[in-house]
Amino acid sequence: MIGTARLDHELRIQQPDAVFCSLLDATASELAERSMVGLLNPADRVAVESLSRRIMAATPGTVIEECVGIDWRTTRRYVRLRLEHVADGWTVAIEDALAKGSALASLVLANQRWKSIMRDASSDCMVFLDETRAIIEHNTRFFELMTFRSPHGVQLNEAALRGRDLFRLWNDPSFDVLERALDRPRPRDRKFEGMIEFRDRQLMVRLIPTLVPVAGFVGCAIVIHDSTDDNLVRMARQLAASNAELEQFAYIASHDLQEPLRMVASYTELLRKRYHGQLDERADKYINYAVEGARRMQRLINDLLEYSRVGQKKMPYEPVDAARAVELARLNLKLLIAEKHAEIRVGELPIVLSNLGQLTQLFQNLIGNAIKFTEGRTPTIEITASRDSGAWRFCVADNGIGIEEQYLERVFGLFQRLHDRDRYEGSGMGLAISKRIVERHGGRMWITSTPGTGSQFFFTLLTVRHSTNAPIDEGA
Amino acid sequence: MGEPPYRDRFALHYDWTLHRRQVIDEELIIHCHHYNAKVQHTIEGAAKIDGKHIMVSSAQAAFVPFLARAVRPTETPREKYGVAAALYAYLGFGTIDLTQIEHGEVTATASHFVEGWRAGFPQRSTPVCTFTEGYVQAAARVAAGRAVRVRETRCMMQGHPSCKFEVVPGPLDDALFVTRRPFEVPVGPNPEYARSPNIDEQKIYNALIEMPIHGDAQGVIPMFNVYLANMPALFYNLISIRFVEEMKKLGLGDTARQLLKYDAETCGLNTFRGILNSAEWDGLIEPMMRQEDDKLFGIIAVSNALGWGNWHVLSHEPGVTLAMGARNGYEALGYRELRAVTREPVCLMLTGVSAGIMGLIYGEGSVPERIGQFTSTESSCIGCDHPSCRFDVRATS
Numbered sequence: 000m001i002g003t004a005r006l007d008h009e010l011r012i013q014q015p016d017a018v019f020c021s022l023l024d025a026t027a028s029e030l031a032e033r034s035m036v037g038l039l040n041p042a043d044r045v046a047v048e049s050l051s052r053r054i055m056a057a058t059p060g061t062v063i064e065e066c067v068g069i070d071w072r073t074t075r076r077y078v079r080l081r082l083e084h085v086a087d088g089w090t091v092a093i094e095d096a097l098a099k100g101s102a103l104a105s106l107v108l109a110n111q112r113w114k115s116i117m118r119d120a121s122s123d124c125m126v127f128l129d130e131t132r133a134i135i136e137h138n139t140r141f142f143e144l145m146t147f148r149s150p151h152g153v154q155l156n157e158a159a160l161r162g163r164d165l166f167r168l169w170n171d172p173s174f175d176v177l178e179r180a181l182d183r184p185r186p187r188d189r190k191f192e193g194m195i196e197f198r199d200r201q202l203m204v205r206l207i208p209t210l211v212p213v214a215g216f217v218g219c220a221i222v223i224h225d226s227t228d229d230n231l232v233r234m235a236r237q238l239a240a241s242n243a244e245l246e247q248f249a250y251i252a253s254h255d256l257q258e259p260l261r262m263v264a265s266y267t268e269l270l271r272k273r274y275h276g277q278l279d280e281r282a283d284k285y286i287n288y289a290v291e292g293a294r295r296m297q298r299l300i301n302d303l304l305e306y307s308r309v310g311q312k313k314m315p316y317e318p319v320d321a322a323r324a325v326e327l328a329r330l331n332l333k334l335l336i337a338e339k340h341a342e343i344r345v346g347e348l349p350i351v352l353s354n355l356g357q358l359t360q361l362f363q364n365l366i367g368n369a370i371k372f373t374e375g376r377t378p379t380i381e382i383t384a385s386r387d388s389g390a391w392r393f394c395v396a397d398n399g400i401g402i403e404e405q406y407l408e409r410v411f412g413l414f415q416r417l418h419d420r421d422r423y424e425g426s427g428m429g430l431a432i433s434k435r436i437v438e439r440h441g442g443r444m445w446i447t448s449t450p451g452t453g454s455q456f457f458f459t460l461l462t463v464r465h466s467t468n469a470p471i472d473e474g475a
Numbered sequence: 000m001g002e003p004p005y006r007d008r009f010a011l012h013y014d015w016t017l018h019r020r021q022v023i024d025e026e027l028i029i030h031c032h033h034y035n036a037k038v039q040h041t042i043e044g045a046a047k048i049d050g051k052h053i054m055v056s057s058a059q060a061a062f063v064p065f066l067a068r069a070v071r072p073t074e075t076p077r078e079k080y081g082v083a084a085a086l087y088a089y090l091g092f093g094t095i096d097l098t099q100i101e102h103g104e105v106t107a108t109a110s111h112f113v114e115g116w117r118a119g120f121p122q123r124s125t126p127v128c129t130f131t132e133g134y135v136q137a138a139a140r141v142a143a144g145r146a147v148r149v150r151e152t153r154c155m156m157q158g159h160p161s162c163k164f165e166v167v168p169g170p171l172d173d174a175l176f177v178t179r180r181p182f183e184v185p186v187g188p189n190p191e192y193a194r195s196p197n198i199d200e201q202k203i204y205n206a207l208i209e210m211p212i213h214g215d216a217q218g219v220i221p222m223f224n225v226y227l228a229n230m231p232a233l234f235y236n237l238i239s240i241r242f243v244e245e246m247k248k249l250g251l252g253d254t255a256r257q258l259l260k261y262d263a264e265t266c267g268l269n270t271f272r273g274i275l276n277s278a279e280w281d282g283l284i285e286p287m288m289r290q291e292d293d294k295l296f297g298i299i300a301v302s303n304a305l306g307w308g309n310w311h312v313l314s315h316e317p318g319v320t321l322a323m324g325a326r327n328g329y330e331a332l333g334y335r336e337l338r339a340v341t342r343e344p345v346c347l348m349l350t351g352v353s354a355g356i357m358g359l360i361y362g363e364g365s366v367p368e369r370i371g372q373f374t375s376t377e378s379s380c381i382g383c384d385h386p387s388c389r390f391d392v393r394a395t396s
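So the protein sequences, as listed, match chains A and B.
Using numbering that gives the first Met the number 0, you'd call the opening residue of the first sequence number 0 and step up by one each time.
Using numbering that gives the first Met the number 0, you'd call the opening residue of the second sequence number 0 and step up by one each time.
Next comes chain B alone, as it looks inside the complex (with noise of 0.2 Å):
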């Protein structure tokens, strides 16, 4: 394979202090298919909201910012395109043609929605690919400063060869643009974090951030067993905070949210069951395996490398409790961005991710029967206005 193209334009920046991975100054998280998926299903399957527009105008409204940063002035609207299909499949995505867009047809070869789908989910006959139909929005309006509508009419999903998206001129929809305020990590010593003396974490992150997860020849990044994507945090907290607000107006928003968890549990036992059964692990991991519970620390510093925010152990009894430190998460310091201080925790993905781990470590049975053993609870949370995160992880009594 060779070197993705604009790879120096996309290149990966690591803050080593609170562990976040950025391109061209966007926060970029890395989630596999399963949760990109599963969060996905859970959106558009609820029965009285648009859940498909909120997938399509977040990944819009992180997209346009995204790819103004990721485009040069003097470029052409062409050259601009190419940058947009560059950094899909740079991204893992999947490879789209936006040659033909003037013409009103985007194509897609390959998918991370698609293999997500395949890979994690029963089968369905209906299209997936949401998220693309956003991204091509936002890279029209970037790349030509039109307003398009984006449908994708046929998809691989359904046994097409190809993804075919019909582009249309559509009205510009303010979901496009998003203010954020500037919300700063609130500073304060580190508490005390429990450590493993046989988990080398700093050589973790140095091996996953110097590991190039950036799309293939097909701009898919099929690693750890799972297929990988970069997603920027943005997408992530607008859909998550669009969904629970749309059900809350229906008195559905605890609902709501518990599904969120139960998305990232979902996730986190098979995100890193894949991990922990990848080669990649077997090689770098592994061989630092000493003790009952170097599983978990191994598994909580690759998801800092992810980029899932700076949270450390600060307190773990194996198979029973375990007490997680976040400090700035990517839910909780986007929430704050984007809205307002909240009086209910939002860290959903890593409440529901920590009871996941647990249960993979120590639950019984099958990985589907792990589901539930574990329960977390967000005890305190920065969109709260508490100084970190914490969650509180004990078996399902």
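The following block holds chain A by itself, in its conformation from the complex (with noise of 0.2 Å):
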């Protein structure tokens, strides 16, 4: 039921019809002259800010409409508010915005519903960007959070962030994942989730895109969870702390352990060389040691900064084909693919947000110690992907020689060896290093074995769970 009445120009009631009366449980005489705006309840106070403006803004023709509250005597309703101003005035239609199964009641109700989840529902920050990816919405979390500040330190306020592209407030390259995901062509494929450092916070960050039947892709609704605090994260944080100073030490230390052992390896090769025969039997035994040794301390200190550095660099990451990464392994390692005849089958591999350096690495460790550690027949290797709760799991599987289930932790140790160098050269750092680029991925990396059979070294890539290029699971 709509009521209407004519206003002056100075929105004073004028001829209220008998809906509009009984909406206000009032007689015409009472509400005649009466100012419409002085009806509006002050307590709805942004809505009467808003229609004001829009008043005082208007010109002939202009239609407004508000739901706002109306406060009159004892009677209170929230109204939807339909103002037009005509030649002599304006004209006002009103109707119940709650009246029982209206299509508008729901509306409303719903609305009202949403903002208090959003506001008091969740201790998350919540923004709602629309298509362009212009802030609609946030609740104070988010606001508080982010503390957006002018170039001269001070603070944005909400009304400032409206409208606002939130990529440019952030301007940090942390959320060109963000970007990405909402650059995809597929409105469904538009998701993320994954953890985002931001300034010095650990951000787990959802985006989640909002479809509207017919209208397709309106915006997209973005909550993060600040779990820097989270204990499990801080400790990890004191953890990586620690590791860090530990690396630091290990790099510096390897790194300037090079040049002494450079000389020592260099000078008694020279003694070996001039003076071979010369000295008796057991002189030339002695110095062949020393020169051994000084051989696998190099070879070892080379592996140290190898790992060290795994830890060290911050590698950029960016879409990454794996099958790329293996065919650059299997270039690297030609001479003794060659040599042993191995024969290397790869499935079909993901893109995976990664860098090409550290994964070529990785498969490279992996092919060179299954050629390895492969006797009495031709090296067989297969290299798989597949799905594992929305990260990919890699497998690289051999025909070795196998690892008994004791010694299975072991081999990602450092400097670990379960055989006589003599029988199988290297460092025991090759596996150790490898495991350092899969943690450094945020993934995780495991083995499992049948000694005499052969090995499956299994990993993941966890750290954008949505950087493949496959569809993403919906349900997910």
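Worth flagging that the hints you see were computed from the coordinates, not collected in a lab.
Predicted model, so just to flag it, every value in this text is computed and none were measured.
Beta carbons are placed, not taken as given, at the ideal position from N, Cα and C, and that holds for glycine.
Pulled a few chain B residues facing chain A out of the computed Cβ check, cut under 10 Å:
(1) Gly44
(2) Gly115
(3) Gly119
(4) Pro121
(5) Leu249
Here are a few chain A residues that sit away from chain B, every Cβ distance over 12 Å (derived from the structure):
(6) Glu64
(7) Arg81
(8) Ala102
(9) Glu130
(10) Arg185
(11) Gly193
(12) Asp225
(13) Leu245
(14) Leu332
(15) Asn354
(16) Gly356
(17) Gly375
(18) Glu438
Join the two chains into one complex using the hints; note that each chain is given alone, in its own frame.
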């Protein structure tokens, strides 16, 4: 039921109809000459202000609509109010915005419920963008956590955020992954979930596209959980800080040891060349021990340096075709593969967010290892990938000598060797480096093995779940 | 940052009794970008009046006498333009280059109005430096005796690297001159004000008076987490009075008055939120906080030091009511200087701000949600020939 009335230029009520009067529980004479603006409930301040501004800016022909509270004596109603500026004043129409069963009431109530949830039901940050990535709405937590500032350090207020491009406000490459997700051609694929480091915070960020029937993509919601102070994350950060110090130590130590060691290796080698056979047999033996020892130490230090480099380098991650990384690893191992007649079978591999150099090194270590530890038969290596809870799980399987169960964990340790040096060369660092690469990607690595039959090395790439070119699980 | 030019000439005088800030005998009010931009938005947003003209002519009217006192008769026009540019920066409006004004061009490379709009309001693609147009018109009048019309042709708000103003000869605007009748502040015994034993008001006044609240190297004042500016009270009074009068002719006087109160309420919420979250507050006032309502007394002391008037708490029930008394609010005194006694209270800024302060301290939800949670009424006003102004704030039912 819609009640109508005419208003004069000063918005005083003239000729209210019966419905208008009944909605306010008043008579026509009681309402006559009353200011329409004066009937608005001051508690509904934002709507009243919005309405007042639009009345002030109106010219004949302007139509203003607003849902607003009306307060008349003991009658309080939430109405949809429609004002039209006509030549000799205004016309007004009101209807109960909360009338049971009306579509308008459903929308109003749904909107209020939604606002309550956003405001009170979550301690997470929420921000909603339109299809141009401009901010439509956000909750207080978002405002407080982000504290966007002007170049002079003045905090931008809520009104200043509205309509702004969120990514320009962030102005931080950490959020590029979100932009890339929004660039995906299929609206349903414009999802993202992952950890992002912003300023000194660890943020768990979820991007959810807003899809409307018929209209399609109309924007998105971004929900951010600040996990910086979560216990586990805090402990992980402390651990990471401690590890970083150790890595720095290892890097410096191994780097600085190279030069004196090179001198020792060079001069013992020189000693052997110049004086071999000139001293007694025992002296020759001792010199050989020294030369071999120096070489071994060089290899160990080189591998230690490589290991600490994996931890130190902050490689930019980008979409990398895992098949391309395998191809490069094969090229690097061309001679060994040819020499051992190794057969390498590669399944369909995904695109992952990684660093091509590190991923190549990872495959190279695993393939090289598989070939090295195969005896008496042609090495056969199979590389596959499959989905695992939204991540990609890779498997490098071989038909090598295998590892006994009690050694499965040991193989990933630093300088861990399960066999004599004379039998299998190496420093025992290859798998440690591989595991470290995987962990730098936020993934994990493990092994299953049957002695005499072969081993399967598994690893996952977890850092950013929806970084593949494969369709995203709708249920994920 | 070096000392601003003409520092001695622009020295601040603070009237400790009436809490008024003066520079070269001009009463200045410190407001932040929220208030300045919001009021401009309201006045220029009215469809059937020339709101922009109100802003420009009021700036011009306020600064002609002010600048006339700032320059020396012995100075050349060029030097006077230099003083005008320096005063503009000193007051916190930004940086303007007036050296090419005789060639019809003025450039601004920093602006309180642009920065203020960006920090407090949604994006807009139209120029915002209306005030500067009036200021430059006043400068031309004072420095060279010229009547000019100034129009901003491009603005940093639109993404340009600087604001450009076109200066053309124009008719002498009557609004250039306003008559101010001397009005003596009513004298009488101060009422019994409520005070907090924890808030050392004098210490706050001292600190804020000594604080160099003037433009930085760019001529802006980013302090207390907001952009501040020192504005003549006359300017605020002229725009408010003229706007309400114009709207009254359209039958929308009440709407206009209400909107100016809303602007002040929004300002009270945002400005004092900025102040509460500032390093200045943390260092100076936060250590005095002992009880729930100390925040209120701290905020009122700060506002007095900013020149808003000699207003104090009369009574206060935390979270429920607040009564404030003002002995010399600039709106009421200004109204009496410019107009006759009125029936309607005129302190729209203090009315709105008092509601905003209560909302900020005792309201619920985010700052935008606190708008309207308290309502303020000016129950007596010097503008209505009452001996003082009184504001009654209560929680909106």
